[in-house]
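Q: Chains as they are written, first to last, in numbering that gives the first Met the number 0: chain A, 0 to 461; chain B, 0 to 238.
Source of the hints: derived by calculation from the structure; they are not laboratory data.
Only a predicted model underlies this, so the values are computations on that prediction, with no experimental measurement involved.
Cβ atoms here follow ideal geometry from the backbone N, Cα and C, with glycine treated the same way.
Be aware that one or more of the hints could be misleading.
[Unchecked claim] Some chain B residues well away from chain A (every beta-carbon gap over 12 angstroms; in silico): (1) Ala18; (2) Ala37; (3) Pro71; (4) Glu93; (5) Ser99; (6) Ala212; (7) Phe213.
[Unchecked claim] Covered stretches of chain B, as calculated for chain A (at least 3 residues, CB under 8 angstroms): (8) 4 to 15; (9) 45 to 59; (10) 131 to 140; (11) 157 to 166; (12) 217 to 224.
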Amino acid sequence: MTFQSQRVAYPYFVVALLLFALQVVMGLWVGLQYVITVPQAVVDVFPFATSRAMHTNLLVLWMLLGFMGATYYLVPEEAQTELAWPKLALFQLVLLVATGVAALVGFLFGWTQGRPLLEIPTTLDFFVVAGALLFLANVGVTLLRARRWNVVQGALLGGLVFLALMYLFGMPFYPNLAMDWYYWWWVIHLWVEGAWELITAAMAAFMLIKLTGVDRKVVEKWLYVELGLFLFTGIAGTGHHYYWLGAPKAWLWVGGAFSALEPFPILLMLWDAWRSTREHDRPLAPRLTWLYVGAMAVLHFVGAGLFGFAHTLPQINYYTHGSQVTVSHGHLAFFGAYALLNLSFFYFAIPRLKGLPEGRYDERAGRWGFWLMTLGILGMSLAFAVAGVLQTYLERIRGEPYMVAQQPMRFWMLVVVLHGLLVVAGVFITVKHLLTLRPERSAAQAVEPGPARRAIAAGAGS
Amino acid sequence: MTERMAKGIFWFGTLSSLAVFLVMTVHTHRSFAALTHADALDEHVVSGKRAFERHNCNDCHTILGFGAYYAPDLTRAFARLGEDGVRRRLEAPEVVFADSYRKMPQQHLSPAEVEDLVAFLRWVSGIENHGWPPQDEPGRWRRSTQRALAGAALSPAAALVQQENCLACHSLGGTGGTAGPRLEWIGGRRDVAWIARYVANPEAVSHGSRMPAFPHLSEEQRLMIGEFLVSLPADRSTP
Chain A
0 MTFQSQRVAY
10 PYFVVALLLF
20 ALQVVMGLWV
30 GLQYVITVPQ
40 AVVDVFPFAT
50 SRAMHTNLLV
60 LWMLLGFMGA
70 TYYLVPEEAQ
80 TELAWPKLAL
90 FQLVLLVATG
100 VAALVGFLFG
110 WTQGRPLLEI
120 PTTLDFFVVA
130 GALLFLANVG
140 VTLLRARRWN
150 VVQGALLGGL
160 VFLALMYLFG
170 MPFYPNLAMD
180 WYYWWWVIHL
190 WVEGAWELIT
200 AAMAAFMLIK
210 LTGVDRKVVE
220 KWLYVELGLF
230 LFTGIAGTGH
240 HYYWLGAPKA
250 WLWVGGAFSA
260 LEPFPILLML
270 WDAWRSTREH
280 DRPLAPRLTW
290 LYVGAMAVLH
300 FVGAGLFGFA
310 HTLPQINYYT
320 HGSQVTVSHG
330 HLAFFGAYAL
340 LNLSFFYFAI
350 PRLKGLPEGR
360 YDERAGRWGF
370 WLMTLGILGM
380 SLAFAVAGVL
390 QTYLERIRGE
400 PYMVAQQPMR
410 FWMLVVVLHG
420 LLVVAGVFIT
430 VKHLLTLRPE
440 RSAAQAVEPG
450 PARRAIAAGA
460 GS
Chain B
0 MTERMAKGIF
10 WFGTLSSLAV
20 FLVMTVHTHR
30 SFAALTHADA
40 LDEHVVSGKR
50 AFERHNCNDC
60 HTILGFGAYY
70 APDLTRAFAR
80 LGEDGVRRRL
90 EAPEVVFADS
100 YRKMPQQHLS
110 PAEVEDLVAF
120 LRWVSGIENH
130 GWPPQDEPGR
140 WRRSTQRALA
150 GAALSPAAAL
160 VQQENCLACH
170 SLGGTGGTAG
180 PRLEWIGGRR
190 DVAWIARYVA
200 NPEAVSHGSR
210 MPAFPHLSEE
220 QRLMIGEFLV
230 SLPADRSTP
C-alpha cells in the first residue's frame with residue numbers, strides 16, 4: 000500500500016466477506032429443501048423462492064462490493080495519486096449496504112420485482128444506480144486528474160461502466176415475456192461473460208504485475224488480446240441463451256458458433272498466469288496467495304470454460320436447458336471465476352493494507368479454509384451434474400413428469416448438501432482468517448530463522 | 000506479436016461481435032410479434048405477468064427454461080394441465096400437493112389474479128420456440144396420438160375413455176379438450192389404484208376438484224381405465 004486513500008478498500012472487503020458467509024449459509028437451506036419435505040406451514044411463510052432470492056442477491060452484492068473495494072485499492076496505485084474523494088467512497092458503501100439490507104428484509108415480506116437475480120424492487124434500483132454513479136464519478140475523476148492512462152485502468156473502468164450501463168436494461172417492466180428474457184440476459188450474460196471478465200482480467204493482470212514483477216509491457220500486450228477475445232466471443236455469445244425463448248432460429252447458429260469459442264480467452268488467461276509465474280523475478284510468496292491465484296486460473300477455465308462449453312451447443316442445450324446441469328455450471332463458474340478472484344485479491348491486498356511486511360502472513364488456517372471450500376464446491380458441482388444428467392434423461396428424453404423425474408435426483412441433492420457443509424466450514428474459516436490476518440510465523444520462527452526459510456520457499460516456488 | 004497487433008485484435012474482436020449482436024437484435028425485434036403471437040397479448044396477459052412477478056413464481060419455477068429449478072417448467076403448463084388444472088394449483092396448492100414431497104405456497108390469490116395468471120400461461124404456451132421443452136414437443140405428441148389410436152381398436156379401456164367422453168375435457172396425444180390435464184401426464188404421475196379411486200369420486204380424493212364422478216362404472220372398469228392411463232407414458236419414450 001502506497002497511498003492513504005487505498006484504506007477505504009478495507010471496509011468493502013469486510014462487508015463482502017460477511018455477506019459471503021451469509022450467502023453460503025442460505026445456500027445450505029436452499030439445497031436442503033430439495034432433500035427434505037418442508038411442511039406446508041413453513042412453505043407458506045418462507046418459500047423456496049424467498050430463500051433463493053436471498054442466496055443469489057447476496058452473491059451479487061458481495062461480489063460487486065469486492066470488485067468496488069478492489070478498484071479503490073488498485074486505482075490509486077496504478078494512477079499514482081490519492082483517490083479523489085475517500086469519504087464519498089465510504090458513504091457509497093453505507094448507501095449500497097443499506098439498500099442491500101432493505102432488499103433482503105423486503106424479500107421476507109414479499110417485496111420483490113419478481114424476476115430471478117433482479118428481484119430488487121424498482122424503487123431500490125434507483126439507490127443502486129445512485130451508488131454506482133458515485134463510484135464511477137469517484138474513480139473517473141481520480142483517473143482524469145492523474146492523467147496516467149494504461150490498459151489495466153482502461154479495462155477496469157471500461158468493465159465498470161459497461162456493468163453499470165447493462166444494469167439499466169433490467170429495470171423496466173416488459174409486457175412481452177420473450178422480450179423480458181431477451182433483455183434480462185443483457186444484464187446477466189453481459190455481466191458475467193462481458194463486464195465482469197474485463198474486471199477480472201484487469202484485477203488479475205494487476206496482481207500478476209505486483210506479485211511477480213514481470214515486465215509490465217508483456218502483461219499489458221496480452222491483456223489487449225484477452226479482452227478482444229473475451230468481447231468477441233462474449234457479446235454475440237449471448238445468443239446461447241436465445242435458443243428457446245421465442246427468438247428467430249438464426250440465434251442457434253450465432254449463439255452456437257460464438258459461444259463455442261468462449262473457452263479460448265479463458266485458456267489464454269490461464270496460460271498468461273502460467274507464463275508470468277515462470278518468468279517471475281521474485282519469490283512466489285506467500286504460498287496461499289499463489290494457491291488462490293492458481294486455483295482461480297484453473298477453476299475459471301474448468302467451471303466457466305469447460306462446464307459452459309459442455310452444454311452450449313444447441314443440439315445438447317435442447318435437452319439440458321433449464322435443468323440442474325445449468326446449476327452445476329453456475330456454481331463452479333461463479334466460484335472458480337469470481338469468488339476465487341475476489342478472495343485472491345483480498346489475500347493480496349489485506350496484508351498490505353494491514354502493513355504486514357512484504358504482504359506476508361501466517362497462512363495455516365487459511366489453507367484449511369481454501370481446501371474445504373474448493374473441494375466442497377467441486378464435489379457439489381459434480382453432484383449437481385449427476386442430478387442434471389438424470390433429469391435430462393428422465394424428464395427431457397423419456398418424457399416423465401417433472402416430479403417423477405425429481406425423485407431419483409433427491410439422493411444427489413443430499414450429496415450436494417453434504418458438500419455444502421464442507422463449503423460452509425471452509426468459508427467460515429477463510430472469512431475469519433482474512434479478517435484476523437497475523438504476521439508470518441510465531442512458533443516456527445523460533446525453530447528456524449526467517450530468511451533461510453524464505454529462501455527455501457522461494458526455491459520451492461520457482 | 001507487437002502491441003499494435005494486440006490492440007488491433009482488441010478492436011476488431013469487440014466491434015465485429017458488437018455489430019453481429021446489434022444486427023441480430025434488430026432482426027429479433029422484427030420477429031417477436033409473429034413468434035410470440037403478440038396480437039394475443041391483451042391486458043389480461045399483461046396483468047397475469049405482473050401477478051407472476053408479484054408472487055415471485057419464477058424463483059421456484061422455470062419459464063422458457065429460465066428461473067429457479069425447484070418446480071416444473073411453466074412454458075407448456077397450460078397445455079399439460081389444462082385450464083382447470085392450472086386454476087386448481089393456484090387456488091388450492093395445499094390440497095393438490097397434499098401428498099407431494101414438495102409443496103407450493105398458498106398465496107391467497109384474488110379471483111381476478113387467478114384469471115389473469117391463467118390467461119398469461121395460455122399465451123405463454125403458444126410461444127413458438129423451436130419445440131422446447133422436448134417432453135412437450137408437438138411432433139412427439141402427434142406420434143403419441145398415432146400410437147394410442149393404433150392400439151385403441153384392441154383396447155377395451157380406450158373404448159371406455161371414448162364412451163365416457165373423457166376427451167371433452169382431457170387431451171390424449173395432440174387432441175382433446177384443454178380443461179383438464181393431459182391423460183399421459185396423469186398416467187406418468189399416478190398409479191392404477193389412485194386413478195380408479197379418483198374416477199369413482201374426485202371430490203373424495205382431492206377436495207374442490209371440478210371433475211364429475213363416474214359412479215356408474217364398475218370397479219373393474221375403473222381399474223381398466225387406470226391401467227390404460229398408466230400404460231400411456233411409455234408410448235412416447237422416443238423423442
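Q: Next, verify each hint and record whether it holds.
A: For each hint, the structure was consulted:
1. Distance check for Ala18/B against chain A: the nearest CB is about 9 angstroms away, which does not clear 12 angstroms, and the non-interface claim fails.
2. With a cut of 12 angstroms on Cβ distances, Ala37/B falls inside the contact zone with chain A, its closest approach being about 6 angstroms.
3. In this structure Pro71/B is not separated from chain A by more than 12 angstroms, as the shortest Cβ-Cβ distance comes to only about 4 angstroms.
4. With a minimum CB-CB distance of about 5 angstroms to chain A, Glu93/B fails to clear the 12 angstroms threshold, and the non-interface call is violated.
5. Once the 12 angstroms rule is applied to beta carbons, Ser99/B is inconsistent with being away from chain A; the minimum gap is 6 angstroms.
6. No Cβ of chain A approaches the Cβ of Ala212/B within 12 angstroms, the least distance being about 24 angstroms, so the stated non-interface status holds.
7. With 12 angstroms as the threshold on Cβ separation, the claim that Phe213/B sits away from chain A holds: the shortest Cβ distance comes to roughly 23 angstroms.
8. Using a Cβ-Cβ cut-off of 8 angstroms, 9 residues of the stretch 4 to 15 of chain B lie near chain A, which meets the minimum of three, so the contact claim holds.
9. With 12 residues having a Cβ less than 8 angstroms from any Cβ of chain A, the stretch 45 to 59 of chain B passes the three-residue criterion, so the hint holds.
10. Judged by the Cβ-Cβ criterion of 8 angstroms, the stretch 131 to 140 of chain B is covered by chain A as claimed, because 5 of its residues qualify and three suffice.
11. Check on the stretch 157 to 166 of chain B: 0 of its residues sit with their Cβ under 8 angstroms from a Cβ of chain A, so the three-residue criterion for coverage is violated.
12. For a cut-off of 8 angstroms, the count of residues in the stretch 217 to 224 of chain B with a CB near a CB of chain A stands at 0, and the three-residue condition is violated.
Checked against the numbered hints given earlier, the structure breaks hints 1, 2, 3, 4, 5, 11, 12 and satisfies all the rest.
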